[in-house]
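So the sequence lines, in the order shown, correspond to chains Y and R. Letter by letter, the first sequence follows residues 1 to 451 of my numbering. Letter by letter, the second sequence follows residues 452 to 540 of my numbering.
Don't read these hints as lab results, they were simulated from the structure. Each hint should be verified, as a subset may be incorrect.
A few chain Y residues that face chain R, going by a derived Cβ cut-off under 7 Å, partial list only [as the list claims (entries may be wrong)]:
hint : residue
1    : Ile2
2    : Ile7
3    : Ile11
4    : Lys65
5    : Glu66
6    : Tyr67
7    : Gly68
8    : Ile72
9    : Val252
We treat Cβ as the ideally placed atom computed from N, Cα and C, and that holds for glycine.
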Amino acid sequence: MINTHDILETINMIREENLDIRTITMGISLLSCADADIHASCEKIYEKICRRASRLVETGENIEKEYGVPIIHKRISVTPISMLVAASGGDPVLYAETLERAARTVGVNFIGGYSALVQKGFAAGDRALIDSIPEALAETEHICSSVNVGSTKAGINMDAVATMGQIVRRAAEATADNGCIGPAKLVVFCNAPEDNPFMAGAFHGVGEPDCVINVGVSGPGVVRAALQKIPHGNITDVADTVKKTAFKITRVGQLVAKEAAKRLGVPFGIVDLSLAPTPAVGDSVAHILEEMGLEQCGAHGTTACLALLNDAVKKGGVMASSHVGGLSGAFIPVSEDAGMIAAAENGTLSIEKLEAMTAVCSVGLDMIIIPGDTSAEVISGIIADEAAIGMVNSKTTAVRVIPAIGKEIGDTLNFGGLLGYGPVMRLNTASPADFIHRGGRIPAPIQSLKN
Amino acid sequence: MRAIITVVGRDTVGILAKVSALCAQHNVNIIEVTQSILQDMFCMIMLADVSECNVAFTVLADEAKALGEEMNLSIRAMHEDIFNSMHRI
Numbered sequence: 001m002i003n004t005h006d007i008l009e010t011i012n013m014i015r016e017e018n019l020d021i022r023t024i025t026m027g028i029s030l031l032s033c034a035d036a037d038i039h040a041s042c043e044k045i046y047e048k049i050c051r052r053a054s055r056l057v058e059t060g061e062n063i064e065k066e067y068g069v070p071i072i073h074k075r076i077s078v079t080p081i082s083m084l085v086a087a088s089g090g091d092p093v094l095y096a097e098t099l100e101r102a103a104r105t106v107g108v109n110f111i112g113g114y115s116a117l118v119q120k121g122f123a124a125g126d127r128a129l130i131d132s133i134p135e136a137l138a139e140t141e142h143i144c145s146s147v148n149v150g151s152t153k154a155g156i157n158m159d160a161v162a163t164m165g166q167i168v169r170r171a172a173e174a175t176a177d178n179g180c181i182g183p184a185k186l187v188v189f190c191n192a193p194e195d196n197p198f199m200a201g202a203f204h205g206v207g208e209p210d211c212v213i214n215v216g217v218s219g220p221g222v223v224r225a226a227l228q229k230i231p232h233g234n235i236t237d238v239a240d241t242v243k244k245t246a247f248k249i250t251r252v253g254q255l256v257a258k259e260a261a262k263r264l265g266v267p268f269g270i271v272d273l274s275l276a277p278t279p280a281v282g283d284s285v286a287h288i289l290e291e292m293g294l295e296q297c298g299a300h301g302t303t304a305c306l307a308l309l310n311d312a313v314k315k316g317g318v319m320a321s322s323h324v325g326g327l328s329g330a331f332i333p334v335s336e337d338a339g340m341i342a343a344a345e346n347g348t349l350s351i352e353k354l355e356a357m358t359a360v361c362s363v364g365l366d367m368i369i370i371p372g373d374t375s376a377e378v379i380s381g382i383i384a385d386e387a388a389i390g391m392v393n394s395k396t397t398a399v400r401v402i403p404a405i406g407k408e409i410g411d412t413l414n415f416g417g418l419l420g421y422g423p424v425m426r427l428n429t430a431s432p433a434d435f436i437h438r439g440g441r442i443p444a445p446i447q448s449l450k451n
Numbered sequence: 452m453r454a455i456i457t458v459v460g461r462d463t464v465g466i467l468a469k470v471s472a473l474c475a476q477h478n479v480n481i482i483e484v485t486q487s488i489l490q491d492m493f494c495m496i497m498l499a500d501v502s503e504c505n506v507a508f509t510v511l512a513d514e515a516k517a518l519g520e521e522m523n524l525s526i527r528a529m530h531e532d533i534f535n536s537m538h539r540i
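One chain only, chain Y, in its complex shape:
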């Protein structure tokens, strides 16, 4: 039998330290549903999602009970809808409504993939889809949207960057009477991964199989608890402890992913090794950084601590899983992390520091609440900066900022649930408008020429 210490350690991770599997996400290709008639296309989509995912939620719940580890979300990612719009034309919002209907039927809490990939330019369907995002997010509850505006290989599509600044603003305005929830479901990417199981940026890439199971792990509380046991260890000890802990967390993810894939008769895709925080006490990435010795997240030294954490999570996790993918690293969403919220509230954590942190973490500026009167050009400037960091460093970066319509710096916006709450943060409001309105493309960097 496994020894008592190990058994109690696992039980304690689940009971006290919030170890959970954050999401089982089923990727479903909708390429087979494309039709020149938009209504026929929508019906095929509804049928395929309901058929493929009919047992997803039930299977997740059974695995949760049998293995005793919480599985928080069961979700679906689909082929970027812009590709279906390319074939059918028509009003893309019909697709959003169809996905919403499918989400309600199968019982998942999000479907991701109301998306377009425009890093090098707009193809048929892309502009129409992007333009419909504010309305689609306002009219649905369970649909997530993402747009990829740049990549290391293609450079940055500045026309798309300019457009997305306007779209983020319009998404907030369209949901102003509903806590500005629209832009919380919209991610603007550079180097978007095609197998990411995490919302709001999940979509099912065209190189993926017809149907696949991807799993996102979590566990910031477990890492912090492990570090609490070595208050006087040096930084090498800290890195080793994170690695060992990440290994254990990821093994659970691998087990759940393989079991879910087997029971659903679908191939196992990847495990995404991410530390995904929630607003719950004891589930914070900021608190891990503080455990390393920072007075508060955002202090000088934060970027170094995050770089160590992000790297050690990957090194520990990569041996624990047969296929690693998605975003894999530490997330730093402000409104979803109790430690980040506290640091933003008292001014220790600024948006400039967060931008630096995104150069070494797994995603980007995430769930940041900005003043309601922020111009579309400033938002585009934020997106361009993040995309540049991603493009040059060959990593994924993203922007998910929420203009809090009618609110000012220091006010609070509350989304409720796992999306959390946070203060409206101060932005540099000097105008990048002339730069943004130039349009065109930032050429791919020299790093792209690897052949």
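With the hints as your guide, set chain R onto chain Y.
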């Protein structure tokens, strides 16, 4: 399939009896038991064979949890593989 049943909480009379009775009622064979009492905290770990269990394992897990709540203890029945995968390469 084998399961690990853990019981953690304040020591009271009849814990082992009640958990064993639940196992017997569902035709679950207890293979090994270790228990310790640290200060007043009772901690018992059972390795059980549930392959002949007469209800679905999820039902057994629910009943174990409910029994724990009734006795003011934390009782969990979990598939052995979660411990194997986490602690063995």
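- Query: With 7 Å as the cut and Cβ atoms as the points, is tyrosine 67 of chain Y at the interface with chain R?
  - Reply: Cβ of tyrosine 67 of chain Y sits 5 Å from chain R, so the hint holds.
- Message: Let's test the interface hint: is any C-beta of chain R closer than 7 Å to that of isoleucine 72 of chain Y?
- Response: This hint is violated: isoleucine 72 of chain Y lies away from chain R, its Cβ roughly 16 Å from the closest one there, beyond 7 Å.
- Against chain R, run the beta carbon of isoleucine 7 of chain Y and see if the smallest gap drops under 7 Å. holds, 6 Å
- Message: Holds or violated: the hint that glycine 68 of chain Y contacts chain R, with Cβ atoms closer than 7 Å.
- Response: holds, 4 Å
- Supplied contact hint for isoleucine 2 of chain Y, tested at 7 Å Cβ to chain R: holds, 5 Å
- Given valine 252 of chain Y as an interface hint, is the shortest Cβ-Cβ distance to chain R below 7 Å? holds, 6 Å
- Message: Using the nearest Cβ pair, does lysine 65 of chain Y come within less than 7 Å of chain R?
- Response: Lysine 65 of chain Y check passes; min Cβ-Cβ to chain R is 4 Å, inside 7 Å.
- Task: Using Cβ atoms only, decide whether isoleucine 11 of chain Y comes closer than 7 Å to chain R, and label the hint accordingly.
- Result: holds, 6 Å
- Query: Do the numbers back the hint for glutamate 66 of chain Y, that is, is its least Cβ distance to chain R under 7 Å?
  - Reply: For glutamate 66 of chain Y, the interface hint holds, since the closest Cβ of chain R sits about 5 Å away, which is under 7 Å.
Taken one by one, the earlier hints fail for this structure only at number 8.
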